[in-house]
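Protein chains in written order, with the numbering used here: chain L, 1 to 342; chain S, 1 to 247.
Heads up, some of the hints might be wrong.
[Stated by the list, open to error] Heads up, simulated BS3-like pairs for lysine-lysine below, C-alpha to C-alpha not over 27 Å straight-line:
{"no.": "1", "chain 1": "L", "residue 1": "Lys155", "chain 2": "S", "residue 2": "Lys6"}
{"no.": "2", "chain 1": "L", "residue 1": "Lys244", "chain 2": "S", "residue 2": "Lys123"}
{"no.": "3", "chain 1": "L", "residue 1": "Lys287", "chain 2": "S", "residue 2": "Lys123"}
{"no.": "4", "chain 1": "S", "residue 1": "Lys123", "chain 2": "L", "residue 2": "Lys155"}
{"no.": "5", "chain 1": "S", "residue 1": "Lys6", "chain 2": "S", "residue 2": "Lys123"}
{"no.": "6", "chain 1": "L", "residue 1": "Lys287", "chain 2": "S", "residue 2": "Lys81"}
{"no.": "7", "chain 1": "L", "residue 1": "Lys244", "chain 2": "S", "residue 2": "Lys73"}
The set of hints was computed from the structure by calculation and includes no laboratory data.
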Amino acid sequence: MKKNNTLKILIILFVSLVVIILAFGIGSVFVPLNEQFWIIADRLFKHGAEGNYQATNATIMTTIRMPRALLAFLVGGGLAIAGVSTQSILQNPLASPYTLGVSSGASLGASLITVLEISIPALGVFLLPAGGFVTGLLTVLFVMAASYRIDRNVKSHTVVLMGMVVSMFVNAIITLLAVLFIKHEHHIISWTLGSFNGKRWYHVLILLAADLIAIIFMLRAHRELDALSFGDEHARALGVDTAKFKWQQLIFAALLTGISVCFTGTIGFVDLIAPHVARKIVGANHKYVIITAFFVGGILMCTADLVSRTILAPREIPVGAVTALIGAPFFVWLYFGQRSKK
Amino acid sequence: MSETSKKGIELSNVTSGYGKKKVIKNVSLFIPSGEITAILGENGSGKTTLLRTIAGLLDHEGSILVDGEEIKKMPYKERAKKISLLSQMNSAYFSFSVYETVKMGRYRFQKGFFDSYKEEDLKFIEECMKRADILDIKDEIIGELSGGQLQRVYLAQLFAQDSEYVFLDEPTNHLDLKYRVKLEKELKESRASTLCVYHDIRAALDMADNIILVKNGEIVKYGKTADIRESEALNRTFDMDVLGYLS
Chain L
1 MKKNNTLKIL IILFVSLVVI ILAFGIGSVF VPLNEQFWII ADRLFKHGAE
51 GNYQATNATI MTTIRMPRAL LAFLVGGGLA IAGVSTQSIL QNPLASPYTL
101 GVSSGASLGA SLITVLEISI PALGVFLLPA GGFVTGLLTV LFVMAASYRI
151 DRNVKSHTVV LMGMVVSMFV NAIITLLAVL FIKHEHHIIS WTLGSFNGKR
201 WYHVLILLAA DLIAIIFMLR AHRELDALSF GDEHARALGV DTAKFKWQQL
251 IFAALLTGIS VCFTGTIGFV DLIAPHVARK IVGANHKYVI ITAFFVGGIL
301 MCTADLVSRT ILAPREIPVG AVTALIGAPF FVWLYFGQRS KK
Chain S
1 MSETSKKGIE LSNVTSGYGK KKVIKNVSLF IPSGEITAIL GENGSGKTTL
51 LRTIAGLLDH EGSILVDGEE IKKMPYKERA KKISLLSQMN SAYFSFSVYE
101 TVKMGRYRFQ KGFFDSYKEE DLKFIEECMK RADILDIKDE IIGELSGGQL
151 QRVYLAQLFA QDSEYVFLDE PTNHLDLKYR VKLEKELKES RASTLCVYHD
201 IRAALDMADN IILVKNGEIV KYGKTADIRE SEALNRTFDM DVLGYLS
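Looking at chain S on its own, in the form it has when it is part of the complex:
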């Protein structure tokens, strides 16, 4: 699927990991812009490592082109313009307020000595807080929030970053049913270019346009959701009768 002329993210022979341990092995694929792509696989299969590698957060061999630009060569602010990431393991070492945390999503737009938030920036931040339903807790300290509330704060920060590609690592973690349904509906409707690690196979098949099946750091199968839904590759990826489970 080499389609450098098309907007999207192209991986060629990408290998990455932690130190000497290689987790992702020689992966080549093309993730199209404007579609939702889900990464599925067992625990420890390399889903998160693949996501972090594509986001440019891990050293890697091979090439990752984001809309034709090599990610290694892009300054970090440019990368943030292209890709935002909701990580699975978020932690804050100091006690910021919810509002301050969401505002940080606008970091890539900031210049100069002090804050340079324009009126439209502040309006946009408020909109993002509304989308994540956290406007009523905007003055609270993030260290005092529940896991679900904190997840929504980081989602609002991600919205505030307003990047072209949205990367989500288990975005529904800690979210109750109401917010989970709301987020999935919003992702579907927004048609944002989304790359998402998911544990819930049903939800992924329901939401995504494309599915990447990962096992032991390698791609088992990658394709349109309609093709993957009935593929025996699902069984191989999870070492169980997934097709039977889904039916």
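Chain L with its partners taken away, still in its complex shape:
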């Protein structure tokens, strides 16, 4: 099992590399693999290999496609890890950071800033993501506080139900805002569907740091996550302080989701699907699930972004629409298809 899983993770790593190379290369201008190699080598090592590639291709690749593809990969990976955390602590395979209300809360914040035309010069372009981040966190804190008030052990179904109710309520407010402030309708819808358009290297670096911290944090907790898969009481009997651990994980999942979506807008389904795919590949042991889900999430998001910007080129479809269009039937096949076989 252990050797098999190591091999499987290496294969997924290879697939990740292929997807990233494709995302670097495909677009209005095709950048072949050898050119990609020389461009990267030149940028990294000041190789002096300018003769091996076209200057315009280098500009397109390093300033537009690379940050975009890498950010998509990192956002997908981050959301997948947040999904693993949420599903494990809530012991619910249908849970995701969406269930906690993070995404809808972030959308509400962004929508409010848009319709009220709030402007804080010191924050500049970061106002919208910062607002989304704060309201996403506030929403999940509200969900957790309300769940805690009802049930001091913060049982899974309490949080899931509370999260669903709050999400629905918040989504209704967003719809209302879009209808009442019709001139901002397009902007609100765009944010709720997400996009990687126009993203820069600093976005990549922020997400890279967040994901690295997230992977380490989650790997440290892999045993507790394993134990919690058997239910709260079982985990407590094994020696896990479940209430404390669940609080830590919920805050972690909210933070990671907030950071992941705050630059791009909310993008659904990857956080729900990637953990399932990972478990199908490497089993239930979180030591393997965490790493695998990160790469699967990255692959899914990077592919979805590639599809979103190429399938109707030069027009671009919001990436959230692509993940939902592919993700919904895929999830039905993955979850219910396997169950009906049993």
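Position chain S against the provided structure of chain L, taking the given hints into account.
Okay, now just chain S, sitting in the frame of chain L:
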């Protein structure tokens, strides 16, 4: 029976339940270490709630001292060192292998970033799987096992936890006759400190050193099995002629 100097579990005025509903009412008793104690009572009498309360899994009023230490104040890993529990309602939400599931019993011994199973840990885990007779299915996925096999997997996990007190809630549920007899024999022979919820009155009287009779969340009678065997309290606990049935 206040014997704080003696090893065992002492309950003083313990009340517990679910939310506002109090199921266990003002219970005080002392469960001695090194003996088998069975909890008997009708369905819904509070047997499982009493077991879960003593295991420190439910909020409670009053005091529960495990070998002189207040359970509320013990960190969860310390509690797991003292008490292991085989629950009646076990479920796994994700598909672990039998081996991975049993290994989790060693959680309280684990430290550091990755697994830190020593050679003796792995040998012990294998021994526990042998005791539960599940060595041949160790690579199978637990979601694909029968109820009886799954019960034996959780028993092996309980053995792997290697705690001082073993709490069992209907341990013979799903087990066929062969494994039921094997488990009862093993519990008797091991002389482990065991607290066990039982439906089968005969089996409990045959196996246990002490019996707690529970009705409506209160203790009807608690004492040595020899005294309970012929006590009229059995009839009161079950609202029927238990003594006649047993004879």
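Going straight from one Cα to the other, do lysine 244 of chain L and lysine 73 of chain S come out at no more than 27 Å? This hinted pair holds, its Cα atoms lying about 15 Å apart.
Pairwise hint evaluation, lysine 6 of chain S against lysine 155 of chain L, where the allowed Cα distance is 27 Å at most: violated (37 Å)
Given the hinted pair lysine 287 of chain L and lysine 81 of chain S, is their alpha-carbon gap at most 27 Å? Given that 27 Å is the threshold and the Cα spacing comes to 24 Å, the pair holds.
Tell me if the straight-line CA distance from lysine 6 of chain S to lysine 123 of chain S falls inside 27 Å. Not satisfied, since the Cα-Cα distance of roughly 33 Å exceeds 27 Å.
Hey, lysine 244 of chain L versus lysine 123 of chain S, does the alpha-carbon distance stay inside 27 Å? violated (32 Å)
Going straight from one Cα to the other, do lysine 287 of chain L and lysine 123 of chain S come out at no more than 27 Å? holds (22 Å)
Does lysine 155 of chain L sit within 27 Å of lysine 123 of chain S, going by the straight-line distance between their CA atoms? Violated, at about 36 Å.
Taken one by one, the earlier hints fail for this structure at numbers 1, 2, 4, 5, listed in ascending order.
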